[in-house]
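Enquirer: What follows is the residue order along each chain.
2 protein chains.
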Amino acid sequence: MRARYIIGLEGSVDPTDRGLAYGDGLFETMSLRGGKVQRLALHLDRLRLGCKRLELPLPDQSELERQIGQAAAHIDHGHLKLILTRGTGPRGYAPPASPDPTVILLAESSTVIPATELTVAVLSQCLSENEKLAGIKHLNRLEQVLGRLELASLDADEGLMLSTSGVVISGINRNLFAVFGENLCTPSLNRAGVAGVMRRAVLEQCVELGLKVEVRDLLASELLAADELFMTNALVGIQTVSRLDEKVFASSVMASRLRPRLAELDLGSVDDA
Amino acid sequence: MRARYIIGLEGSVDPTDRGLAYGDGLFETMSLRGGKVQRLALHLDRLRLGCKRLELPLPDQSELERQIGQAAAHIDHGHLKLILTRGTGPRGYAPPASPDPTVILLAESSTVIPATELTVAVLSQCLSENEKLAGIKHLNRLEQVLGRLELASLDADEGLMLSTSGVVISGINRNLFAVFGENLCTPSLNRAGVAGVMRRAVLEQCVELGLKVEVRDLLASELLAADELFMTNALVGIQTVSRLDEKVFASSVMASRLRPRLAELDLGSVDDA
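Chains as they are written, first to last, in this note's numbering: chain A, 3 to 275; chain B, 3 to 275.
One thing to keep in mind: the hints can contain errors.
Heads up, the list lumps identical chains together, so a pair's fine if it works in one copy or across two of them.
What the hints assert, rightly or not - Taking lysine-lysine and the DSSO-like style, the derived pairs with C-alpha atoms no more than 30 Å apart in a straight line are: (1) K134 - K249; (2) K249 - K214; (3) K214 - K134; (4) K249 - K54; (5) K134 - K54.
Calculated directly from the structure, the hints in this document are not laboratory data.
Model, not experiment: these values are computed from the prediction.
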């Protein structure tokens with residue numbers, strides 16, 4: 003097993019790559035600050051879980067980290083997208099017995115400062131349920147693309163997606179937390195959704211702060227009874243939900259309390275990387 | 003809108019292509035005989051439906067058919083794989099306002115003569131349900147890849163996949179028909195599965211022959227009561243199921259009756275192409 007690295011926009015991908023043919027692979031989008039990847043350990047953790055679920059070989063980790071470090075080094079403020087596929091192969095769903103994975107690294111500078119709040123609309127486009135694919139960040143993302151197409155016709159910054167069985171899962175590319183008094187709640191992602199790196203960082207902070215946080219199935223109607231909602235994403239951090247469809251939320255107390263702690267954590271993980 | 007054509011194995015795909023990033027596209031695998039695509043009209047029909055569902059621009063049809071004809075021309079016996087993606091774009095699920103689609107054409111010779119029967123095992127890997135994605139041949143195929151991985155450990159040629167709600171959908175890459183006396187039945191594909199070109203050809207032949215055929219939800223237990231089962235695929239035609247898990251099926255009467263009629267149809271569609 004020997005990974006093939008494709009670095010930057012000038013690289014080219016083989017037309018028989020299984021990432022293209024079947025979405026047979028994973029990705030990570032990581033925040034870069036001062037030439038370092040933020041929370042690299044958490045991103046690599048999720049990548050490792052995805053490899054296990056898809057029976058996909060993880061490339062040699064020290065080489066992977068070296069390549070990531072090199073791609074990130076010249077970016078002061080931006081992001082790095084990593085795509086890992088099962089590599090090229092003959093036609094047909096059957097994976098090659100010993101695949102040589104493809105790793106694509108695309109780094110980009112960005113000076114956008116994300117808003118601290120956003121408006122959200124419940125989408126009719128659902129997320130389908132498959133325990134084997136839930137939680138990991140695989141390349142089969144048509145439901146998110148369809149969600150984004152639907153959002154374009156709505157007056158909102160983000161869409162809330164339910165599973166086909168009707169429970170709340172997440173935004174199109176953000177996880178969701180609901181605050182009830184001093185307690186937090188975030189949807190279980192056992193059947194659908196992506197277990198975000200920033201979601202994990204928030205869950206860890208809640209434990210540190212002694213806040214009670216529940217991970218469970220959550221109905222959209224329950225969200226309307228929350229004191230506060232916020233969403234999380236590795237690139238934009240924590241954003242308060244100011245409106246969900248018609249319902250206005252005035253509080254951003256919990257988001258404001260957690261946000262600076264996650265910034266601190268950021269600095270920590272630069273050293274971990 | 004201007005499609006970018008990538009022809010043959012020497013072509014290269016942009017690392018920011020949305021087909022790779024999100025599986026944001028469609029594909030068709032078409033049988034080639036004497037330099038002509040078999041049932042091209044049916045393949046293009048399904049491609050058109052997929053484009054509509056994904057709000058993806060269909061490339062200029064006469065140019066598309068010209069390129070397909072050219073890629074197919076030098077192959078006497080083989081197949082042509084077509085991949086259509088939403089093209090390149092900036093990072094993020096939001097599709098570009100005016101995407102320039104990518105069309106990849108990969109033709110291959112093959113002298114394999116498919117078996118006329120196969121053994122089938124019911125898989126534990128399920129197909130998730132999403133009405134918007136059901137029936138079309140999009141690029142999000144991890145469930146089929148996982149099905150194929152599971153099949154590798156089983157003593158069978160093909161796997162039978164159920165939906166997450168427990169109804170029979172299809173093989174990993176074949177559609178299924180059950181025969182009860184003179185009547186046929188094939189699973190409804192409104193919530194999962196791919197509406198195969200050969201499945202459509204068989205349905206049309208049943209009508210021609212005055213056979214009653216039902217398209218409906220079907221349970222695995224019902225299959226055990228069938229007189230005969232057969233599976234269909236555009237490249238291999240009709241194959242009788244000789245065994246489903248422990249249950250042996252002795253009849254191949256209906257498959258043998260339909261098979262020559264589909265070969266005839268084949269010749270017809272060469273002229274249509």
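Enquirer: Now tell me, hint by hint, if it's right for this structure.
Expert: For each hint, the structure was consulted:
1. K134 - K249: Classified as between; 28 Å across copies, 35 Å inside a copy.
2. K249 - K214: Within. Shortest intra-copy distance 25 Å satisfies the 30 Å Cα cut-off; inter-copy 53 Å does not.
3. K214 - K134: For K214 and K134, the Cα distance is within 30 Å only inside one copy (28 Å; across copies 38 Å).
4. K249 - K54: Classified as neither: same-chain Cα gap 41 Å, cross-chain 33 Å, threshold 30 Å.
5. K134 - K54: both (10 Å within a copy, 29 Å between copies)
Consistency note: the structure conflicts with earlier hint 4 alone.
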